[in-house]
Amino acid sequence: MNRIGEGLGQPHEPDLALHVEDLTVSYGDRPALWDIDLNIPPGVLAGVIGPNGAGKSTLLKAILGLVPLSAGHVRLFGHPYAAQRRRVGYVPQRSSVDWDFPTTAVDVVTMGLYGRMGWLRWPGRRERDQALRALEEVGMDALADRQISELSGGQQQRVFIARALIQQPDILLLDEPMAGVDATTERSIIDILGRLRREGRTIIVVHHDLQTVQRYFDWLVFLNVRVIAAGPIDSVYTARNLRRTYGGQVALLDEGRQRNAGPENDGPAG
Amino acid sequence: MGLLADYTLQNVMLGAALIGVISGVLGAFAVLRRQSLLGDALAHAALPGVCIGFMLAGAREMGSIMGGALFTGVVAALLMVALTRNTRLKTDAALAATLSLGFALGVVLLTWIQRRSGASQAGLDSFLFGQAAATTRADLYPMMILVGVALVGVALLWKPLKLMTFDPIFAAVTGLPVQWLERLLTAMIALAVVTGLQMVGVVLMTAMIIAPGAAARQWCGSLLGMVILSALLGALAGIGGGLVSALAPGLSTGPVVVLLATLLALLSLLLAPRRGLIPAWWRRRHRRSHTSTDRILQTLYDLAREHGDWHYRVEQGAVDAYHGMITEPQLSALADRGLVVPAQHMPDEGRHWQLTETGVAHAAEYAQRRRRRFGNGA
Numbered sequence: 001m002n003r004i005g006e007g008l009g010q011p012h013e014p015d016l017a018l019h020v021e022d023l024t025v026s027y028g029d030r031p032a033l034w035d036i037d038l039n040i041p042p043g044v045l046a047g048v049i050g051p052n053g054a055g056k057s058t059l060l061k062a063i064l065g066l067v068p069l070s071a072g073h074v075r076l077f078g079h080p081y082a083a084q085r086r087r088v089g090y091v092p093q094r095s096s097v098d099w100d101f102p103t104t105a106v107d108v109v110t111m112g113l114y115g116r117m118g119w120l121r122w123p124g125r126r127e128r129d130q131a132l133r134a135l136e137e138v139g140m141d142a143l144a145d146r147q148i149s150e151l152s153g154g155q156q157q158r159v160f161i162a163r164a165l166i167q168q169p170d171i172l173l174l175d176e177p178m179a180g181v182d183a184t185t186e187r188s189i190i191d192i193l194g195r196l197r198r199e200g201r202t203i204i205v206v207h208h209d210l211q212t213v214q215r216y217f218d219w220l221v222f223l224n225v226r227v228i229a230a231g232p233i234d235s236v237y238t239a240r241n242l243r244r245t246y247g248g249q250v251a252l253l254d255e256g257r258q259r260n261a262g263p264e265n266d267g268p269a270g
Numbered sequence: 271m272g273l274l275a276d277y278t279l280q281n282v283m284l285g286a287a288l289i290g291v292i293s294g295v296l297g298a299f300a301v302l303r304r305q306s307l308l309g310d311a312l313a314h315a316a317l318p319g320v321c322i323g324f325m326l327a328g329a330r331e332m333g334s335i336m337g338g339a340l341f342t343g344v345v346a347a348l349l350m351v352a353l354t355r356n357t358r359l360k361t362d363a364a365l366a367a368t369l370s371l372g373f374a375l376g377v378v379l380l381t382w383i384q385r386r387s388g389a390s391q392a393g394l395d396s397f398l399f400g401q402a403a404a405t406t407r408a409d410l411y412p413m414m415i416l417v418g419v420a421l422v423g424v425a426l427l428w429k430p431l432k433l434m435t436f437d438p439i440f441a442a443v444t445g446l447p448v449q450w451l452e453r454l455l456t457a458m459i460a461l462a463v464v465t466g467l468q469m470v471g472v473v474l475m476t477a478m479i480i481a482p483g484a485a486a487r488q489w490c491g492s493l494l495g496m497v498i499l500s501a502l503l504g505a506l507a508g509i510g511g512g513l514v515s516a517l518a519p520g521l522s523t524g525p526v527v528v529l530l531a532t533l534l535a536l537l538s539l540l541l542a543p544r545r546g547l548i549p550a551w552w553r554r555r556h557r558r559s560h561t562s563t564d565r566i567l568q569t570l571y572d573l574a575r576e577h578g579d580w581h582y583r584v585e586q587g588a589v590d591a592y593h594g595m596i597t598e599p600q601l602s603a604l605a606d607r608g609l610v611v612p613a614q615h616m617p618d619e620g621r622h623w624q625l626t627e628t629g630v631a632h633a634a635e636y637a638q639r640r641r642r643r644f645g646n647g648a
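Residue numbers (this note's numbering), protein chains in the order written: chain A, 1 to 270; chain B, 271 to 648.
None of these hints come from the bench; they were simulated from the model. All the pointers check out, no bait thrown in.
Sample of chain A residues facing chain B (criterion: CB under 7 Å; computed from the structure):
| id | residue |
| --- | --- |
| 1 | 85 |
| 2 | 90 |
| 3 | 96 |
| 4 | 101 |
| 5 | 102 |
| 6 | 115 |
So these bits of chain B aren't anywhere near chain A, every CB distance computed over 12 Å:
| id | residue |
| --- | --- |
| 7 | 276 |
| 8 | 370 |
| 9 | 375 |
| 10 | 384 |
| 11 | 395 |
| 12 | 406 |
| 13 | 419 |
| 14 | 522 |
| 15 | 561 |
| 16 | 590 |
| 17 | 598 |
| 18 | 622 |
| 19 | 642 |
Each residue gets a CB set at the ideal place from its N, CA and C atoms; glycine is no exception.
Please construct the entire structure, taking both the sequences and the accompanying hints into account.
So, in structure tokens, the structure goes:
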């Protein structure tokens, strides 16, 4: 499993939680992500925003090596994902699985440990205790032995977050965690993420609700196939960037030329 | 009991039980992965393999026939994946195309062999619907090996298979080779199909893959429980089918086994305590008989109060939705007591109900009684 990491030897940009350079991902005949340069420092709670089809989920999948990269590379704390699996937690979209699966909340959380347990050992008492602690962190310990099909959408989402937390990740990637959950759950999720950030972890959240962006995040990535802008929220959350991200189709190359000639706060690292 | 000592019957029952176990275990995964029809395609695609195996061996030799069936089954599965990846065909269309292609090819080969060497000598048409009565002890050994391989494989790969079945994306993120696991699982389902070739036949093996898993899902809250129960139900259908066909000569075993497995699935869909249709119906009925007319009057009262209008008209659909049942009988009873009256609000909406003066007074009194009894929170 470590072949890729060892083969590459020296770390590249080890001081950045996430370093993406010249990344292009293509599904069929159109690029989903085009020429992405993106740096995210450790310890921030970053939002990735952009319209439908902007490639937000694809960016997370590219970081996690789930889609083939047409060009470019991705580093997490200086190393490719394959060498950093244990430091990265991932919360997929809740709708990506069939919740009518015969299992309990605590069992789903235990799945977060499968990778590090070795694939042959069966989980035991210790793994269950760890899973219960992770459920406690998201306020779900009382429902540990409930069938997952009987949980509400917000509770299912928190189970998914607990499954990522059980790995004690340094970087946490979440794909639309607020989609389809009620206001109370949304508040408790953002509380959990804020707590993790204070512990020094890096959190990257694909988000779709512009109303809450300023309250939730301290770092922002505007994405629409290209990175329109990225940086501390105070310097990049501007009407101009919103317009450029959400205002109609983005021309891949013309915009790029403008960016090179344009003011520096449009650059990828802000 | 003399019947059970019968050598042929023992072979038939043991063989059918083996088929039930392997298709139960692997079918549980197929059902959860929504790939129930995969077994169908694999089974039909096994037929040309049976013929090729026969031609290569030059005789009805089981090892060669099973090998051929396994081979064409796996080729069909690969073809299916290639079709969905590289064309605009969706999974169901790719599956149907592969299934028909495999089966047509198989029937063509079958008729050609029979024309050439005489139907009686080949006896290959028994692979269509199975022929259990001819099962010998020697036929059982390769089946035992296949079942053993499948069970050991599932036990060793339990966690990867479980994770991949529930959440393939997360499985890939943790570093599992998901594509290879999918191929392996498909190959193991092909093993199950091959195991049942001789006794159940290619056409009916589909049901053996689906039925025990679908039945077991109804009763179990864990994957381990479901897989074990699925194996047991499969074995039960196998043994039962063997017995029934022995007691009633003339009934061929394979179809009886499949009928029993389907019956078990049907009963499970109806009877399972949490997920079955009849318990769900019973719970609804229980709720209906225990939801008093007073509670429904109270709902109308609360809605009217929230809208600040004692003559507020409530659509019956809203009351039904609130109580999770049809409230027509209770509302009619309330109307008979003069507490509510039916009304029409908009021509395109359903029937509405409106409190009368006595209805408001009655509901207010009921609310007060409840408050006294349960405190303010109630």
